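The primary structure of each chain is shown beneath.
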Amino acid sequence: MSGTFVGMPAFPEAAREALADSQLRHNLAHATGTIRAKRAKVVAEVEDWEELRLVGAAVKERALLDLETQLVRLEETLTANGATVHWARDATEANAIVASIAKAHEAQEVVKVKSMVTQEIGLNEALAEEGIAAWETDLAELIVQLGDDLPSHILVPAIHRNRAEIREIFRSKMGAAGRPAPADLTDEPAVLAAAAREHLREKFLRAKVGVSGANFAIAETGTLVVVESEGNGRMCLTLPEVLVSVVGIEKVVSRWEDLGPMLRLLPRSSTGERMNPYTSTWSGVTPGDGPQEVHVVLLDNGRTRALADEVGRQALRCIRCSACLNVCPVYERTGGHAYGSVYPGPIGAILNPLLKGVGHDDQIDSLPYASSLCGACFEVCPVRIDIPSVLVDQRAQVVDAHRGGVPKPEAAAMKGAAYVLGRSRRLSALERFTGLGMRFARRFGPAAWIGARDLPDAPAESFRAWWLRTNGGRNDGGRKGDGTDD
Amino acid sequence: MTDARTEILARVREALAGSTVELPETSAPRDLAPVATPEVVELFAERVADYRAVVERCGTEELEERIAAALPAGEVVVPPGLSIGVAGAIVDNGALTAAELDQIAAVVTEARVGIAETGTIVLDHTPDQGRRAISLVPDTHICIIREDQLVADVPDAIALLDPARPQTWISGPSATSDIELDRVEGVHGPRTLHVLITPPRKVTS
Amino acid sequence: MRVALMITCINDALYPSTGKAVVRLLRRLGVEVDFPQAQTCCGQPMVNTGYLDEAVPVVRTFVDAFAGYDAVVTPSGSCAGSARHQHSIVARRSGDEALERAVAEVAPTVYELSEFLVDVLGVTDVGAYYPHRVTYHPTCHSLRMLGVGDRPRRLLEAVRGIRLVDLPGADQCCGFGGTFAVKNADTSIAMGADKARHIRETGAEIVVAGDNSCLTHIGGLLSRQRSGIRTVHLAEILASTEQSAVEEVLTR
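Residue numbers (the UniProt record's numbering), protein chains in the order written: chain A, 1 to 486; chain B, 1 to 205; chain C, 1 to 252.
If you are wondering where the hints come from, they were derived from the structure by calculation, not from laboratory data. Everything numeric in this text was worked out from a predicted model, so none of it was measured. You can trust all of the hints, since none of them are fake.
Pairwise CB distance ranges (calculated):
hint, chain 1, residue 1, chain 2, residue 2, range
1, A, D187, C, G147, 37 to 47 Å
2, B, E64, A, H26, 45 to 55 Å
3, B, P80, A, H105, 21 to 31 Å
4, A, E168, C, R163, 43 to 53 Å
5, A, E168, C, G149, 43 to 53 Å
6, B, A49, C, G203, 36 to 46 Å
A few chain B residues facing chain A, derived, Cβ under 8 Å:
hint, residue
7, L16
8, P24
9, S174
Which residues of chain C face chain A? A few of them, derived with a C-beta cut under 10 Å, are:
hint, residue
10, A13
11, V23
12, D34
13, T40
14, V47
15, G50
16, I89
17, R144
18, A181
19, K183
20, T231
We put the beta carbon where it would ideally sit given N, CA and C, even for glycine.
Use the sequences and the hints to build the structure in full.
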């Protein structure tokens, strides 16, 4: 075995670096531990939680399996409500639509609600190229943006930062982006939050264009829903004259009543609260209230590729709660950056390959292997995405994409194993060399194993050989009186 | 070149072709219980208070006094259809800018629905609650909700609400857990939420 | 009832004492097992690494070996999980309908040891004696893929002389994960190091689990750390009696 395994390079190397950062390990263990406990407490309050998860999965599945009808319906209802609907095949098209709307209003800046999809498409960078500043207004996104950093968690993108680091970022970077942090800034979370309030308020009050994603898009009623905590979402959705929402096509649910189970599932799974502080819903334009020009960009960007994957399709049910990240033993130790995507953790390990396809990028191909398949993610997923099964299926797709040509050492080893394990006499012949094999492995085995772990001693004979020699322990010289010699 | 809409819908069709599409049932797991029993009222008060909002129960006749006591120093704005008088309040005529609202200390509104299980107040921004901006920008929100507007859980509220109206679901004051997942109240939305629960409206027959 | 023992490849080659313990334990409880000589492996190493085609002959060998039994018992949550949940995927992929049918018949008959004892035989007190301070690590596949719940714990609690101590963070993965342990060795070792630390904190002499694969990883770390803590498979504790305990002392 060597370092040339399929799926080997990217994640393991990024993880090694992250694992060496003891501050990061500490921040992550503290944060994920806290939120795990909060989630467990509020989930335990719901008697029918498991049934509710089934309903949540069914709500999303129903819309996905009927997606064409649902999308057409959504377009109709949104349009009837006074919104303008745009369609974007990929990131470039979506970014161009948002930029052209901002330009039509001569906006030099936009205020943004925290949104995964706009990060996925790199909207801020695309707008910057057009001379438009995109201000992130969620506290964690602000920390990431000011720190010129990358998000490392779906819900709490700055989870890798502690309060002292955040204070330093605010002190040194806020001034260049607008109102500077107060001189007496401490590292108390309440003080840091107050500094963000002051810094962003002037931006909210003057903004002409707001940009958001959506947690849900309801086809029947043409309603978009944004779930948030701080009120920055309400500011962006209410105060600007123009609102542009970029919505992945998988966000659609069929009916208004579907929101009931989803709003019971999401906050408890996500922030570990019975309900998040603020949820906004809007159905197009309301005369005299909020933005009078409302745009919705329906985005594909790989979602139809994922939809075509019968096993992986379920990943499109994801409501971005991040419960799977918080319980993942791999995520807890490596953090989000190691996944090389805005979607980290277990869901990222399946979503990125599904959206982008496998077989052409070592980094993507490494993601399905970034899991011990412990299954903790599936257990907490509010929409019952069987992440371990999808991971295994994605691994098979990675292997299949590399079939043909000269087999890599791992593929050769697996072929050899298949040969040996296909017939018991081949296995039994090989088992005579177990002792030799273990002695060899102890000296020349994979450094990845023996670097930190001892190997067990090989037994004198295999179980199979013992069974044959003693007739299942019945003729074993009467030792121990019960027929086995152990 | 086909347009994006046509192509995306074609991709969707192709992706699902050959799949046996059996749409799963999505009925709610429980019966709706939209009646506000004393337990529901009690739970609502308790759960709202859990978010560190101020919760008071009072008779209709005490309401004016309680509102006056709850108001901070500075100006107060009220929606045009508020059913109770607030002395000295600015009545929103829809023309106040965001910057002007930022100079106002408090807002008094009514509500559409309250959800006991989650301690949530839902505004649907009819004239008794006003447009969205007035209950967002001022730093104190005093919200009056009647016992007969309270329901047990989220699906009960969904059944009563009109999706055509813009809605704001409020569960406690604005908060964040973005710093070390430590919950801190008070970011961009109103930092003080004061909820007044009043008896059911009398039905005259 | 015809019962077959599925030993698993790792127990066959490296931990025959676990298999012998299962035989001894079940014999004591009045169950004679067959050991179908044709058996090899459940195929999980291939499936979980993505080599589904390579797993097809292994699954075929598996169902050939275990067809016709009322129950197949195995001292591994992971391998039982593989047979019950993954063999159908491999069979479907093979396009061989006969194999699919055979898998559908055999898979539901596979039981992890604690399931077999509690659910099939209906016992929790197996008459074992084990005078040691022990902590139990529930392995992920037994816990979450099979859902064995508290069965192993109930079996252990009924063992005479045992002092069972709680393991902090017990339901957290040890970091083995099959080829994950090598492909993502740094992360695997970081997870294992935390597991080993929790085990040391309990002051136990023995850490017990239902999977020798996980115990190889945990034991490898504990041994490298010279912790003096031994790893023992659940079957071996349940098979122990006062007599075997005395013999153990005499042969030391």
